[in-house]
Each structure stands twice: as structure tokens, then as C-alpha cells.
Amino acid sequence: MKDLPQVAADAIDTSPDTASGSTVSGPPPPPERPATSSARLIATLATAGALAGLVIVLVFAWANPKIQQYRAKVLREAIQEVLNEPATVQTWYLVDGSLSETPAPGADTITAEKVHLGLDANGEPVGYAITGAEPGFQDIILVIFGYDPGSDRVLAMKVLESKETPGLGDKIFKDTAFVAGFREAEAPLAGVKKNAGSGADNEVDMITGATISSRTVIGIINHRIEALDPVLDESGS
Amino acid sequence: MKATTPAEDLVRGIWKENPVLVQLLGLCPALAVTNTVANSIAMGLATFFVLVGSSLLVSTFKKVIPHEVRISAYILIIATFVTIADLVLAAVVPVIHKELGAFIALIVVNCMILGRQEAFASKRPVGRALLDAVGTGAGFMIAMLMMGTFREVLGNGSILGVPLFGQNFEPWVIFILPPGGFLTLGFILLTFGWWQERKAGTARVRQWPHGVATPSREEAA
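From first to last, the protein sequence lines are chains W and Y. Heads up, the first sequence is in the numbering used here, so the first residue is 1 and it goes up one at a time. Heads up, the second sequence is in the numbering used here, so the first residue is 238 and it goes up one at a time.
Honestly, I wouldn't trust all of these hints.
[Claimed, not checked] Restraint-style ranges between C-beta atoms, simulated for each label pair: (1) Y/I312 x W/N64: 23 to 29 Å; (2) W/E77 x Y/V301: 46 to 52 Å; (3) Y/L401 x W/Q68: 34 to 40 Å; (4) W/A46 x Y/F406: 53 to 59 Å.
Simulated from the structure, these hints should not be mistaken for lab results. Computed from a predicted structure; not experimentally measured. Here a beta-carbon is modelled for each residue, glycine too, at the ideal position from N, C-alpha and C.
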């Protein structure tokens, strides 16, 4: 960097003016920078800040619909996947411990707690797609799973968001055997060591080297079913 | 300040004063998100965009920005470009944006970018500042790609997700984990250092990239 000496000279420029006023022999002090008034400093930063804010707002207005669209698409695809491609999907909101077609008054449709009911071609319910999130090994793991309250069985599981360790914890969505282990598993699930289970319906083989991540996924599903089962059973699907 | 030609301004950052491999700046993203080639490219492009945009603005407004608040003004400009890059990536390539996570926002504190503003863009004409930013940004991308390729090939056996080896390839997982970033950078710097030593041959005073001459052996003794 050939610019370094210049930077150094600059630093001397801004240092407290030791040279001014005192009788220093030798080379003359560097020319002093005229002090800028505080008003001008504030005005500059305020203008720059306002312009920056305006630009960001414009870009956000353009990008946000696309971002929301992508999120909705991911969720839609995940619902199709965990409910084994139902013909139609209905969204039900949880209001005061029961299912309702509309969210509670004043609640936001995006953040309100909800489940997605899948119906087959004959209009028969196949199960609910339920989301759940809990802290995993690195960060919150967001999971969606299909659940049939009639038979108390998990239909399928998909990890929507996770920052688990690449190569180890990320097997919760990259290891197809682990993901397949949730198909038709009976709730409540029990995680077992690979090849150490008794073959019971509620057993899911955990991933070697990713115990915490696998346990979290199983935990999320169990906790959500525990919380929602009374509500879903009541609505008689 | 030594006068430089426009060509020098452009080429300097690409190789001879490569920000990552020679100046060792911008190491945080270079270590953290180079685990795949795709991530390296996205990070490289985002940083390139921020660097070129900020250099352009800083150089254009260098007379308007009072000396006392210049760093705050630079950070404000850089942060604006980073936010734009963040939103655009989230809208256009959401999968990669998810992988890069917080590191996009952290471009704001990439000292490579602020360094170029303070040392170059704030003192030179707009054209030169642009050339310098393009060169430095390209150098950063080259370094990111070197690391990303090395790590993805060894750690995942693929390039851009396309498998290179057969089913029996056992990926060297450590290379896509954080320690692999340090190992990779270490190996690359080692190769670089060795190569430069060789090139320097019997020269007794080694010219450091910053133009600082290290003491000769007699002086050091």
C-alpha cells in the first residue's frame, strides 16, 4: 500500500495542535485545518442519514414482496410434502384453544398460530401440517410436520430453517434415512440409537454425531403434538 | 504520495496487494463463508458491489464531507450499500442469502472496505477510486474463490454442488467446518510466502507489500 505514508501524515494533522502557539524550532507545523462548525457536521450527517434511509426504504419496498412471496412458496411446498400431496389445503387459526377459520381479532395472519389441514380428492382430511421451533445446537430449528390426529401418527417431517453444523447437525435435513424415519411414526416419538431400537412404531433412529440436533427435532414434534392434540382431536378429523 | 498510473491502480489490488492473501484484510468472511463455491461467489459479489459503490460515493463527495465526521460518513455510506445488497440477495437468491446469514450484514465492518475509503477513495479522483475499488474487489473475489474451491472440493467432493468424485469418496468434512477455513487460509498463505521467498531470491532486504523495508540482517542483529 503506497498510501500508508499519507495516512500517517493525516494522523499528525488531526492530532491535538501541539505546535500552535508554542515556540517550536525546526520545520514549520503542517497547515492547520480550519475547524468546521458543529452545525455543519450535524447537517452533513443528518442529510446523509436521511438520504441513506430514503434509499433503503425504496429498495425495501421493492424487495419485501419478493421475500414474502418466497417464504410463502417455501411453506406451501413444505405443506404439500409433509401431507403427501393433498388435493386442497385449508388454514385454521388457533383461537382460545380451538380451531377457527379466521384469526383472533386484531391478530396478524402471518404471525398468528395456525395449522394447515390437508384434504384428499374426496374432501376427506388426511392430516394437519404443524410448524414448531426450538433451539437446536447452533440456533433455532424450525420444523414442519404432517400429523394425523386420528391415528396419532406423524406423516412426514421437513426442516424449514436450521443453522446446524455443516456435515454433522445438518444431517437432520440432509440425511434421507433420518427424515424417512419420521414417516408413519407413532406419537409420542422416541429417539433411539441407530440399530439399537426394538423396531416399535414410535422409534426414530437418531443421527450418530448429531444427537442434540436429532433430539431437538424429535422434541419439537412431541411438544407440538402434546400441545395441539386435544384441540385437533376435538375438531374430529 | 507516489504517483501511480491508472493501470497500476486497477491491477494492484488484484494480485500484488491482494486484500486477503497479502494485506490479510477481510478475513472474517474469508474464513466463515467460503465453505462452498456458491457462497464464496455470492459473498465476493456482495462485497465487490459495496466496495465499488462506497468508493464511488466517497470519492464524489470527498470535498463535501467534513474531515471530523468522515469516518461516520463512510460507515453510513457503506452500511447503506450493505443493506441494499442484503435485501437484493434475499429477494433474488434467497437460498444463498440464508446460507450467508449474518455475514452479509458484517460487510459493514470489513476493514478492507473502510481501508480503501480512508486510504484511497477520499483522496483521489472518482475515476481512480473506481479503478482501485474494482481491482481490490476482484482481488477479494479471487481469494474467496480460491478458498471456496479448495474447501468444497476437499470437504464435500463437489464444485458448485456438482459431485466430482464417485460414490466412494469420503468427504474431508473438516474443510467445510470452521477450522477448515483457518487450515485452508494457512496453506494458501504458506504457498504464497514460499513462492515470494523464492522469487525474492538472494535479495537481502525483503520489500513488504506496504512499501516498508524490513531491517537487513546486520541492522536487526
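Hint check results:
no., hint, result
1, Y/I312 x W/N64: 23 to 29 Å, "holds, 25 Å"
2, W/E77 x Y/V301: 46 to 52 Å, "holds, 50 Å"
3, Y/L401 x W/Q68: 34 to 40 Å, "holds, 37 Å"
4, W/A46 x Y/F406: 53 to 59 Å, "holds, 58 Å"
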